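*Asks:* Listed here are the chains, written in short residue letters.
Protein chains: 2
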Amino acid sequence: MTEHTDATVNNPRPAESGDVDWGRRRIVVEAVTPQVDGGRFPVKRVVGDSIVVEADVFVDSHDAISAFVLHRRKGEEQWRESPMELIINDHWSGSFRIFEMGEYEYTVRAFVNTFRSWRRDLTKRAEVGQKGPEMEAEMKAGSLMMEEAASNASGEEKDFLLMQARRLVDENLYLTERIGYALDDRLPELVDRHGSRSLATTFPGILPLTVDRERARFSAWYEFFPRSAGKGTQHGTFKDAEKFLDYVASMGFDVVYLPPIHPIGFDHRKGPNNATESGPDDVGSCWAIGSSEGGHKSVHPKLGTIEDFDRLVARARELHMEIALDIAFQCAPDHPYVKEHPDWFRHRPDGTIRYAENPPKKYQDIYPFDFETDAWRPLYNELKSVLQFWIDRGVKIFRIDNPHTKPFAFWEWVIGELKQKHPDLIFLAEAFTKPRAMERLAKAGFTQSYTYFTWRNTKWELQEYMRYLTNPPVSDIFRPNFWPNTPDILPEYLQTGGRAASAARLVLAGTLSSSYGIYGPAFELVDVAPRKIGTEEYLNSEKYEIKDWDIDAPHSLRDLMTALNRIRRENTALHGNAELRFHETECEEIVAYSHHTANQIVLTVVNLDAHHKRSGFVHLPLQELGMDPRRQYQVHDLITDKRFLWHGERNYVELDPAQDNAHIFRVRRHIRSEVDFDYFL
Amino acid sequence: MTEHTDATVNNPRPAESGDVDWGRRRIVVEAVTPQVDGGRFPVKRVVGDSIVVEADVFVDSHDAISAFVLHRRKGEEQWRESPMELIINDHWSGSFRIFEMGEYEYTVRAFVNTFRSWRRDLTKRAEVGQKGPEMEAEMKAGSLMMEEAASNASGEEKDFLLMQARRLVDENLYLTERIGYALDDRLPELVDRHGSRSLATTFPGILPLTVDRERARFSAWYEFFPRSAGKGTQHGTFKDAEKFLDYVASMGFDVVYLPPIHPIGFDHRKGPNNATESGPDDVGSCWAIGSSEGGHKSVHPKLGTIEDFDRLVARARELHMEIALDIAFQCAPDHPYVKEHPDWFRHRPDGTIRYAENPPKKYQDIYPFDFETDAWRPLYNELKSVLQFWIDRGVKIFRIDNPHTKPFAFWEWVIGELKQKHPDLIFLAEAFTKPRAMERLAKAGFTQSYTYFTWRNTKWELQEYMRYLTNPPVSDIFRPNFWPNTPDILPEYLQTGGRAASAARLVLAGTLSSSYGIYGPAFELVDVAPRKIGTEEYLNSEKYEIKDWDIDAPHSLRDLMTALNRIRRENTALHGNAELRFHETECEEIVAYSHHTANQIVLTVVNLDAHHKRSGFVHLPLQELGMDPRRQYQVHDLITDKRFLWHGERNYVELDPAQDNAHIFRVRRHIRSEVDFDYFL
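Protein sequence lines, in the order shown, are assigned to chains A and B. So for the first sequence, this note's numbering puts the first residue at 1; every next one is plus one. So for the second sequence, this note's numbering puts the first residue at 682; every next one is plus one.
No lab work stands behind these hints: they were computed from the structure. Incorrect hints may appear among the rest.
Where chain B lies over chain A, by a calculated footprint (3+ residues, C-beta under 8 Å) [said to hold, decoys possible]:
no., region
1, 37-48
2, 130-142
3, 351-364
4, 375-383
5, 558-566
With a Cα cut of at most 27 Å, we get these calculated DSS-like pairs of lysine-lysine [said to hold, decoys possible]:
no., chain 1, residue 1, chain 2, residue 2
6, A, 124, B, 1043
7, A, 124, B, 1042
8, A, 339, B, 821
Listing some non-contacts, in silico: residues in chain B with all C-beta distances to chain A over 10 Å [unchecked claim]:
no., residue
9, 721
10, 728
11, 771
12, 834
13, 983
14, 1073
15, 1094
16, 1156
17, 1216
Treat the numbers as computed from the prediction; the structure is a model and nothing was measured. All residues carry an ideal CB built from backbone N, CA and C; glycine is no exception.
Generate coordinates for the entire structure from the input sequences, incorporating the hints supplied.
*Replies:* Spelled out as structure tokens, the structure:
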């Protein structure tokens, strides 16, 4: 039996650590947070974030302690220090900020601060008027510590330390005077910096941190099929898609995500509505990748040339958007890989290649890769080169298809390798699977993840799910991207709720999560007919055929989408770092929650009932939100631009599916006196 | 600046692990519990315990998995395997039992079980009647796996595997028949054992486990000063103490703990009531250790000889008790160490040795060791040799004085070293300090710990504190020992509550914690006069003078103590592994809680009001306790031997401080029919 090399014990005992001073190192540093699986995986933050690090730090007896957060760019030798402060019960907190993308490391170091202990004790001695030889010896002890610090200092600091050191033992001065010099406010910080820190203890673990660009946390995605961007049901091209970008940009999205753009297999090609047989004119599913026309590094000939694609990428950039590609690591039976690298696929004993199966279901148009193949290294490298190919064409955002059917170790490796050179890459994990697997993909390096939001409809479900997402350890690694629909998933709530349901889900997605996305134009055009009752498949799904969308249809949710994206951009409380609280509404169908930062409160109220008018009372904990509970305040609906004056903690709301089924309020404090006209900010 | 060697990253990424197969290893094993600080410290259990290990185990896609808990004695090569079972959501559980004291290790290993995946899929294929070349290839695939397993098996198992393997591809048999052979119930377990487990994943961490003897968790301690065991106020001897043991044994204690028995310093010796001056007849504090008469390896000449001590140890053993010694690592100014090893103490710049201080308080009779001394290695070794000296005289239990004023690394080292040779050692940490330091001492190896119980008096305080103690991570490392009093601490509740308060605290200590202790005879004789109102010091404390106790005084709590110890011994639910639940009582002063095991329920009800009769209704969640809520049941007071018939979830209790202020009920299910006389077990 070939077994994995045995696991090793983490963190050896001090006596076995090789540290020659282990017995004298009295400080304990433990329970450093944030920390993911003992430092096995990085914590995720974005550029500009303040990274708060906490730890338990203590020492035997009652000496004074100084503690620091250390951080550095990965690969650097030198640590940067940020001081920590004692909060309560040996728990310390400190922070640092990062302004550049990349991989970082942090840990905590602390030392017994003999000088501060000495000053603290000196104060107490002075209070009771201690004097005599023991007190003189204390003055000498302090003087020596200051001299030692002076020997590491220079310039004015050195001179100052030496002068004070001399004064402490100057026989011509009164003791009280000398104590006065010892208690000079400038000393502790100076001695901290230059004095001895021998016997410092560093937390036995260097914790990794990934700092992404802001779009990793705050993004609005629009997915569309370029092949439907043509006239009528004519096969659309990249050039058609270029024009369509204007429409997407006009609504304020910033990521445009395209399903796979590669040649589609002919072998076992699917027909409309997932039929196993297809006719000669059927376009097939773009997830059945590869044919004689090329594979993962080619574009579908009917979409145009690679240069056309380049122009699409450039046009998106002009519109302040980015193109995200869909990467599905699987092959149609006629993909060139199948002939060139048969050893990358699983075989039956008779030599035939296994298609995808979930017995008794067969997916004969798809050959999955065999990641357990002996040839896994060439396979891994080839798949990496696929991503590199598109990176080289300017694509920085990838939506990865079904990552949970490929090894977690593969993703950790490939994302890690690519982000080293391209820290601005963003990977969205399309994993709709069990929670531990979804979390592991996030730990392995995925920047964002699809979520269960798609099926969380009731108030209780939303509240519980948000509690799960917004607290560590999940919030340190898993960045949700909320999708009300995808080409694969037309949820029952949308099927049955009409336009009001889609509107409600849109507002929920865009306010509960700082990243959200929709599959359009199906979404805004409220195309909610299922292929069959009880399934989540679209009728005449765009996955298998070209659609002719009327984006100017009057019932389109286009205006609401435009408003939502504008509101999100203009209100930083929705950018992902705010505190989220749910509020009592006295109505099971009305959900209300606020995003609260130091200087902004955004309150969202949504009627989950897509069929009936509902009313309730929103309870706002005014004091906790930093409001004066005795004063009136204004809630300003950023969708309709209507303003309401509210008072006290309990205020009436009424939402009608026939009209506006949601409010996004900016809550404004009353800050002016009656002599001003402009009451609110 | 001398800095500690930099911390290292725990758990390298797979690609950096040196594992040549990292890319093919698809299983993830994470979140293994129990786990203390990522495996830095051992989990604590006692002999006979079943150690339940849980983990998240999953794989990409949907292959079948087999997972095992591995364990071994520390130092052994070979792992023992215990199968795990899937509980829910990729969470697995397994267990193993340990029957010998010592240090162990455990981890979790899992592999993709290709054979079980194949059988699961075969069942589904068979259900829809798949056949033809692909099905034949499947049969062949299964046959090959069975052949591979056969090649590792022998005897009947080998033959059986080979026979089945042949049958699967036997052209003379119908397919359904061959499928029948493939689904034989004996196969999975056989192939699990002999089949390929290449590409197994082991959790990247070996977790340590300490298995102690049962007394580590379940013990009743009695502390007394041997020097008070003589006639009147004559200095008692070990011989007097031998006689006193009969009294202690008669009450059912199992650990007899003696304050330090070493020579006491003459220099700055304390007088009665902690006076800084002492007269020539004053005996001093036995914690001021060492004089010209000897140090930590000597006995006080007035107590007798070391041979007398040996006899005391032997006599305790005859009475099924053990002597526990108090080890206080500090010196009187005239301790031999001070002259022999001045470098083990801290000095002022003028060369004088620093006595213990907490400015402005001075403890001139005590010189603490300087654990930061350059000579720390000889110091560490000498202190270890002190413990070894007493171990060699048959002492296996040590109460360590103020361990939180010595380095945590020292304790981890010294306890680790000694327990390697003497796994039956028990160390009780007398640390009354902040929670993180108390927890760290427990992690460092202390077997039991003093607690805040001494000051937890109200129902809410007790409930909250028990919640803290009985849940991981604390419950995995910290074994509480509840003391209602100590020679240093006479809590206000005892000072003000008279006999009823002492009785209540005794019952609480002995039932809330499987280890408890009292400082007697002060405790049972209800000696509760403080030296001064507002302090917790005893008036005329035994710490500084010899006491003449009248152990036969009628108000003694001796009988209650005897009953409590008997009840504890006879009811395994009080031995430390039971589930503890607090119950509503409809009275703030009445606390009720049950200890529940598979076959025992012990219900304790205590009146916390030491002055007034109180009554209430105890709510028992009968169904959760495994009782039939429709039937009567009996509660049998094990203190008074009274029996009550209760019915339903809510039953009346009344407790009077003037009489019995507590019940310890055995709850007995009604298990016989009306034809029997003996209704209850």
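*Asks:* Each of the hints needs a verdict: does it hold here or not?
*Replies:* Results of checking the hints against the structure:
1. Check result for the region 37-48 of chain A against chain B: holds, 4 residues qualifying (beta carbon to beta carbon below 8 Å, three or more required).
2. With 8 residues carrying a beta carbon less than 8 Å from a beta carbon of chain B, the region 130-142 of chain A meets the three-residue requirement, and the given coverage holds.
3. Check on the region 351-364 of chain A: 5 of its residues sit with their Cβ under 8 Å from a Cβ of chain B, so the three-residue criterion for coverage holds.
4. Proximity of the region 375-383 of chain A to chain B, defined as three or more residues with a beta carbon under 8 Å from a beta carbon of that chain, is established by the 3 residues found.
5. For a cut-off of 8 Å, the count of residues in the region 558-566 of chain A with a CB near a CB of chain B stands at 0, and the three-residue condition is violated.
6. Our distance criterion of 27 Å between C-alpha atoms is met by residue 124(A) and residue 1043(B), whose separation comes to about 12 Å.
7. Taking the CA atoms of residue 124(A) and residue 1042(B), the gap is about 10 Å. The hint holds against a cut of 27 Å.
8. For the proposed pair residue 339(A) and residue 821(B), the alpha carbon gap of about 24 Å is at most 27 Å, so the pair holds.
9. Under the 10 Å C-beta cut-off, the non-interface status given to residue 721(B) relative to chain A is violated; the minimum distance is some 4 Å.
10. The claim that residue 728(B) lies off the interface holds: its Cβ sits roughly 23 Å from the closest Cβ of chain A, which is beyond the 10 Å cut-off.
11. The beta carbon of residue 771(B) sits about 4 Å from the closest Cβ of chain A, which is not more than 10 Å, so the claim that it is off the interface is violated.
12. With a cut of 10 Å on Cβ distances, residue 834(B) stays outside the contact zone with chain A, its closest approach being about 13 Å.
13. Distance check for residue 983(B) against chain A: the nearest CB is about 32 Å away, which clears 10 Å, and the non-interface claim stands.
14. Consistency note on residue 1073(B): stated as away from chain A, and its beta-carbon is indeed over 10 Å from all of that chain's, at 23 Å minimum.
15. Listed as a non-interface residue, residue 1094(B) fails to keep its Cβ farther than 10 Å from every Cβ of chain A; the least gap is roughly 5 Å.
16. No Cβ of chain A approaches the Cβ of residue 1156(B) within 10 Å, the least distance being about 17 Å, so the stated non-interface status holds.
17. No Cβ of chain A approaches the Cβ of residue 1216(B) within 10 Å, the least distance being about 20 Å, so the stated non-interface status holds.
Against the hints set out earlier in the document, violations occur for numbers 5, 9, 11, 15.
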